[in-house]
Amino acid sequence: MDDVVVYERRSVASFTLVVFALALGLGGYVLVGLNQDGQPPADWPLAVAVWAGLGLVSWGVVRWRLPYADPLLLPCVLLLNGLGMAMIYRLDQATNPPMQSGRLQLGWAAAAVAVMLAVVVFLKDHRRLQRYTYLWFVLGLGLLLLPLVPGIGFANHGARVWIKLGTFSFQPGEVAKIVLSIAFAAYLTEKGDVLAKAGPRLLGLTLPRMRDLGPIAVMWGISMLILVFETDLGMSLLFFSLFVAMVYIATRRSSWAILGLLLVGVMGFLGYTYLGHVRVRFQAWLQPFSNYDQNWQIISAQFGFASGGLLGTGWGLGRPYLTPIAKSDFIAAALGEELGLVGLFAILLVYLIIVARVLRAALITRETFGALLAAGLAFVFGLQVFIIVGGVTRLLPLTGLTTPFMSQGGSSLISNYLLLGLLLTVTHQARKPQAQIETDEFSSLHDEATTAIPAVAAAGVRTPTSPSSASPAPTRTPQVTTPAPTGRASDVDAPTQAIAPQAPFGGDAP
Amino acid sequence: MSDLLVLGLRLLFLALLWLFVLFAVNVIRTDLFGRRVPASDVVAWDAAPPVPVTRPRRRAGRRLPSQLKITSGPRAGLTVPLGEGILIGRTPDALDLNDQFMSTTHATITLTPTGYVVEDLGSTNGTLLNESRIVGPTPLTRTDTLRIGRTTMTVDK
Numbered sequence: 000m001d002d003v004v005v006y007e008r009r010s011v012a013s014f015t016l017v018v019f020a021l022a023l024g025l026g027g028y029v030l031v032g033l034n035q036d037g038q039p040p041a042d043w044p045l046a047v048a049v050w051a052g053l054g055l056v057s058w059g060v061v062r063w064r065l066p067y068a069d070p071l072l073l074p075c076v077l078l079l080n081g082l083g084m085a086m087i088y089r090l091d092q093a094t095n096p097p098m099q100s101g102r103l104q105l106g107w108a109a110a111a112v113a114v115m116l117a118v119v120v121f122l123k124d125h126r127r128l129q130r131y132t133y134l135w136f137v138l139g140l141g142l143l144l145l146p147l148v149p150g151i152g153f154a155n156h157g158a159r160v161w162i163k164l165g166t167f168s169f170q171p172g173e174v175a176k177i178v179l180s181i182a183f184a185a186y187l188t189e190k191g192d193v194l195a196k197a198g199p200r201l202l203g204l205t206l207p208r209m210r211d212l213g214p215i216a217v218m219w220g221i222s223m224l225i226l227v228f229e230t231d232l233g234m235s236l237l238f239f240s241l242f243v244a245m246v247y248i249a250t251r252r253s254s255w256a257i258l259g260l261l262l263v264g265v266m267g268f269l270g271y272t273y274l275g276h277v278r279v280r281f282q283a284w285l286q287p288f289s290n291y292d293q294n295w296q297i298i299s300a301q302f303g304f305a306s307g308g309l310l311g312t313g314w315g316l317g318r319p320y321l322t323p324i325a326k327s328d329f330i331a332a333a334l335g336e337e338l339g340l341v342g343l344f345a346i347l348l349v350y351l352i353i354v355a356r357v358l359r360a361a362l363i364t365r366e367t368f369g370a371l372l373a374a375g376l377a378f379v380f381g382l383q384v385f386i387i388v389g390g391v392t393r394l395l396p397l398t399g400l401t402t403p404f405m406s407q408g409g410s411s412l413i414s415n416y417l418l419l420g421l422l423l424t425v426t427h428q429a430r431k432p433q434a435q436i437e438t439d440e441f442s443s444l445h446d447e448a449t450t451a452i453p454a455v456a457a458a459g460v461r462t463p464t465s466p467s468s469a470s471p472a473p474t475r476t477p478q479v480t481t482p483a484p485t486g487r488a489s490d491v492d493a494p495t496q497a498i499a500p501q502a503p504f505g506g507d508a509p
Numbered sequence: 000m001s002d003l004l005v006l007g008l009r010l011l012f013l014a015l016l017w018l019f020v021l022f023a024v025n026v027i028r029t030d031l032f033g034r035r036v037p038a039s040d041v042v043a044w045d046a047a048p049p050v051p052v053t054r055p056r057r058r059a060g061r062r063l064p065s066q067l068k069i070t071s072g073p074r075a076g077l078t079v080p081l082g083e084g085i086l087i088g089r090t091p092d093a094l095d096l097n098d099q100f101m102s103t104t105h106a107t108i109t110l111t112p113t114g115y116v117v118e119d120l121g122s123t124n125g126t127l128l129n130e131s132r133i134v135g136p137t138p139l140t141r142t143d144t145l146r147i148g149r150t151t152m153t154v155d156k
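So the sequence lines, in the order shown, correspond to chains P and V.
Counting in numbering that gives the first Met the number 0, the first sequence runs from 0 upward without gaps.
Counting in numbering that gives the first Met the number 0, the second sequence runs from 0 upward without gaps.
Hints may contain errors.
Derived Cβ-Cβ restraints for the label pairs, each shown as a range [as the list claims (entries may be wrong)]:
(1) V/Lys156 <-> P/Leu358: 53 to 63 Å
(2) P/Ala216 <-> V/Pro80: 38 to 48 Å
(3) P/Ala93 <-> V/Trp17: 22 to 32 Å
(4) P/Asp36 <-> V/Trp17: 23 to 33 Å
(5) V/Leu4 <-> P/Arg251: 54 to 64 Å
(6) V/Ser131 <-> P/Pro214: 39 to 49 Å
(7) V/Lys156 <-> P/Ile363: 27 to 37 Å
Here chain P is said to cover these stretches of chain V; the calculated rule only asks that three of the stretch's residues, wherever they fall, bring their Cβ under 8 Å from a Cβ of chain P [claimed, not checked]:
(8) 20-34
(9) 66-74
Just so you know, the hints here were simulated from the structure itself, not pulled from any lab data.
C-beta: ideal position from N, C-alpha, C; glycine also.
Could you build the full structure based on these sequences and the hints that come with them?
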């Protein structure tokens with residue numbers, strides 16, 4: 000009998016990890032109160048009830064709708080979100096009177112979980128998204144353009160990437176990132192092979208034809224222009240890398256990756272030469288201590304890491320509030336100070352686990368769109384963490400991006416939970432057992448069917464010395480099929496067994 | 000709170016954080032290769048049909064043929080429904096091609112889960128698929144030409 004690979008639901012492991020993650024987030028929150036005042040925060044039962052309720056409900060809904068979704072994604076996200084909220088609450092306590100942004104963040108988390116659950120309940124199969132390639136492009140561009148619309152768009156911290164609706168402000172670029180990922184994946188699913196194979200060759204590099212690359216290049220160029228116009232450095236870098244990575248994955252040509260890296264270098268050089276604010280960022284990266292007033296934020300973060308050391312100061316016992324914008328861009332520095340290098344590494348590993356799980360789902364997915372979508376989303380998610388944590392720790396020049404699931408801010412939370420919903424759907428589709436082998440075109444021509452059938456059957460028939468009815472039948476029935484690697488080969492037994500009963504033959508009278 | 004307790008809780012928190020990571024890594028480890036089960040044991044989790052990807056020009060290739068068309072030879076022009084499969088030969092219950100090079104039980108065409116399969120049943124003059132003699136069960140699709148003696152056949156919808 001042929002084997003197929005199935006993946007377990009791992010419900011118990013997933014549930015345990017969800018509870019564990021919720022407990023760790025709440026533990027950080029309670030420890031802030033214990034360490035600062037000797038007693039838990041004033042309304043801790045309410046916070047515990049809301050957060051635990053959110054986590055358990057989302058686990059239940061995901062198990063109900065997508066039982067084969069990756070068991071690790073949800074717990075990892077809940078851990079990151081919980082730790083982030085605990086740190087935001089902790090930073091609230093540094094002001095007098097305490098700010099309420101922790102409470103607000105919990106409200107945003109509830110809204111974001113609702114969005115994620117809506118995706119989980121109503122989407123079910125990510126392939127439905129594949130049909131609307133150009134609609135996604137238009138929607139993504141529209142979202143990117145919104146902050147430039149007078150009246151609702153406004154600039155904050157130098158980047159005009161915000162819109163204001165009533166009392167809420169929102170960063171539409173975060174959602175545009177996901178929408179354009181879907182658009183790129185849908186387009187490249189259709190055109191990936193053509194991009195890779197057709198076209199003129201130049202210096203050993205197969206250049207794609209303009210009519211294949213054109214539409215996507217135009218879309219991408221427009222989005223880059225918008226972002227540069229809005230002076231959103233981090234987001235432009237993210238979009239550029241997303242585009243290069245997805246074209247690389249779709250065409251399987253490493254020349255794209257090399258070309259992309261070269262272009263990043265060229266763009267960095269041009270930015271450094273011609274744009275003042277890029278030069279400031281480079282300077283803050285290489286010589287932060289040359290200008291205390293200008294680079295105070297990054298310097299303060301470095302001092303925070305230093306005072307945290309290996310094991311950290313403990314929840315609520317450091318001074319991460321000295322760093323400006325510690326709640327959003329610099330939350331990694333705040334966590335690094337109070338949890339130390341050991342804690343920060345654990346957090347980075349949790350990010351790594353998320354990326355690894357999604358890439359793994361991309362590998363086992365049987366269809367191109369899902370694989371491209373998962374790989375693209377995993378890449379852009381991992382890159383965002385790398386850019387912002389690298390910037391905070393001075394591995395890279397700092398560019399303003401949010402730390403996914405941790406930073407303060409509703410738009411970041413909602414778009415990242417939206418991403419989680421998509422990822423859960425893709426992993427569910429990738430991991431669920433598929434007994435029904437999807438019949439592709441010319442499935443009857445698949446070469447397994449011809450190669451896997453042993454020559455024994457044919458040899459028995461063709462033996463000239465035994466044309467009698469007795470001998471061919473037994474030689475035919477024992478199937479010496481080699482263990483086939485895929486489930487598809489299970490079908491090869493069928494024809495021989497079906498024919499075997501018609502054994503009486505052999506009197507070949509022409 | 001005493002300093003010792005604060006220190007203890009701080010280390011405990013970090014230890015639990017890493018325990019979470021190790022637990023997750025263990026789930027990854029045990030999930031690495033999935034579990035191999037016989038194909039027949041697998042029940043599709045949801046029986047809903049997969050969402051069709053719009054590829055209209057390829058649709059035609061997926062449909063199974065339903066009849067055998069004799070394109071040349073003594074009985075040219077005859078079409079026979081394929082059904083669950085047919086036997087070709089001189090025996091009374093078989094399809095007779097009236098071809099002098101045909102054996103008593105010459106070949107069968109059988110329906111399998113992957114499509115129709117043709118097999119030579121030890122005939123004297125053999126069965127040719129696209130002008131090459133077949134050995135063992137061979138898939139038969141609408142693009143193939145089957146030949147027995149002077150008779151050529153195709154399957155069609």
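Hints, one by one, checked against the model:
1. For V/Lys156 and P/Leu358, the Cβ-Cβ distance of about 42 Å falls outside the hinted range of 53 to 63 Å, so the restraint is violated.
2. For the hinted restraint 38 to 48 Å between P/Ala216 and V/Pro80, the CB-CB distance of approximately 53 Å leaves it violated.
3. Between P/Ala93 and V/Trp17 the beta carbons are some 27 Å apart, a value that agrees with the proposed interval 22 to 32 Å.
4. At roughly 27 Å, the beta carbons of P/Asp36 and V/Trp17 sit within the given window of 23 to 33 Å.
5. Take V/Leu4 and P/Arg251: their Cβ atoms lie about 57 Å apart, and the range 54 to 64 Å holds.
6. Take V/Ser131 and P/Pro214: their Cβ atoms lie about 45 Å apart, and the range 39 to 49 Å holds.
7. A C-beta distance of roughly 35 Å is found between V/Lys156 and P/Ile363, which places it inside the suggested range of 27 to 37 Å.
8. A stretch counts as covered by a chain when three or more of its residues have a beta carbon under 8 Å from one of that chain; for the segment 20-34 of chain V and chain P the count is 10, and the coverage holds.
9. For the segment 66-74 of chain V, the stated coverage by chain P is not satisfied: 0 residues place a CB nearer than 8 Å to a CB of that chain, which falls below the threshold of 3.
The structure does not agree with the numbered hints 1, 2, 9 stated previously, though it agrees with the rest.
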